[in-house]
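Peer 1: Numbering (my numbering), first residue to last: 1 to 277.
The reader is advised that the hints may include incorrect statements.
What the hints assert, rightly or not - Here are the computed distance ranges between Cβ atoms for each label pair:
1. ARG143 to ASN82: 24 to 34 Å
2. LEU73 to GLN49: 30 to 40 Å
3. ASP43 to ALA17: 37 to 47 Å
4. VAL31 to GLN54: 11 to 21 Å
5. GLN136 to VAL52: 45 to 55 Å
6. ASP164 to ASP43: 21 to 31 Å
7. ARG61 to SER90: 51 to 61 Å
8. THR64 to VAL31: 18 to 28 Å
9. GLN54 to ARG120: 46 to 56 Å
10. GLN54 to ALA74: 45 to 55 Å
11. GLY20 to THR59: 26 to 36 Å
12. GLN99 to ALA70: 26 to 36 Å
Treat the hints as calculated values from the structure; they're not laboratory data.
Here the structure is a predicted model, which means the values were calculated and not measured.
The beta-carbon is built from N, C-alpha and C at its ideal position, and this holds for glycine as well.
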Amino acid sequence: MSDDIDAGVETSAPAWAVFGDLMSVLLGAFVLVLLGVIGMQLDLSTKLQEEVKQRQEETQRRETLEEALAVPLAQGRITLVNGRIGISGSVLFALNSDQLQPEGREVLQSLVLPLTTYLRNHAEILMVSGFTDNQQIREGNRRFADNLELSAQRALTVTRALIDAGVPRTLVFAAAFGAEQPVASNDDEDGRSRNRRVEIAPIPRQASDGVQGAQGAQGAAAAGTGKAPVSASASAPASASAPAKTAAKTDDGANKAGQSAGKQAPRAVSAGKAGTP
């Protein structure tokens, strides 16, 4: 009788075996999660180390540049902020002019030796940027269509002066930003005077590849006309690594058309390719 009862009951797996399978699954899931977390931590740690190293290199680069420019800085003829050398526009040029003044030429001459020494030891290139205030070009001044063109010619003048003084032409190029990126308010004359300036900034050569590569097809036109080709950029000069789209500007009609395009794009020309007049 008992044999008949036992025959009708199905044999089930022991409870400890089911529990063991469950624990194995949980342990495997835990190991996978742990490996994922460890991988993320290693990745974050690597990125953090790279960022720290980059910041240290940037700090060292700025300190080296400051040491190289100790004399002109002590004389108060230039400023150095975040690795950017600033020269007042009134020192370099008369109002609404792109003709270099004697005092400005002396200042640039004092920068040639420390800058060439610095560039010799660093894989960098000089970007000369021209800026203006927001005042419109006077109607009697027919040489420049707008502030963008004025800043372009001033930047090109400084670039050529540096080349003439001994800076290798392959290590310097010019860029123009017009009234964009003011450093002071344009509501008073003191602020406008500060905004009329030229800045010289060493940047990594890799960051300048996009700008100079876009200028290659336009160098001959720039040399023949004295006009700087236009280089549209999405960023400031400190982020000059953005790729540039270019279009030749050959007449005043194109200049006027550019004024209605909304925000003005920076203009850039490589003096190394355009040559000197």
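Peer 1: For each hint, tell me whether it holds in the structure or not.
Peer 2: Hints, verified against the model:
1. At roughly 33 Å, the beta-carbon separation of ARG143 and ASN82 lies within the given 24 to 34 Å, and the hint holds.
2. Taken as a hint, the range 30 to 40 Å holds for the pair LEU73 and GLN49, whose Cβ atoms sit roughly 33 Å apart.
3. ASP43 and ALA17 have their C-beta atoms about 40 Å apart, which keeps the hinted 37 to 47 Å range intact.
4. The supplied range of 11 to 21 Å is broken by VAL31 and GLN54, whose beta-carbon atoms lie about 35 Å from each other.
5. At about 47 Å, the beta-carbon gap between GLN136 and VAL52 stays in the expected band of 45 to 55 Å.
6. Distance hint check: the CB atoms of ASP164 and ASP43 are about 50 Å apart, inconsistent with the given range 21 to 31 Å.
7. Between ARG61 and SER90 the Cβ separation comes to about 29 Å, which falls outside the hinted range of 51 to 61 Å.
8. The hint said 18 to 28 Å for the Cβ distance between THR64 and VAL31, and at roughly 49 Å that hint is violated.
9. A hinted range of 46 to 56 Å is violated for the C-beta pair GLN54 and ARG120, which are about 22 Å apart.
10. Between GLN54 and ALA74 the C-beta distance comes to about 30 Å, which lies outside the given range of 45 to 55 Å.
11. A hinted range of 26 to 36 Å is violated for the C-beta pair GLY20 and THR59, which are about 58 Å apart.
12. In this structure the supplied range 26 to 36 Å holds for GLN99 paired with ALA70, their Cβ-Cβ distance being about 30 Å.
Hints 4, 6, 7, 8, 9, 10, 11 from the list above are not met by this structure, while the remaining hints are.
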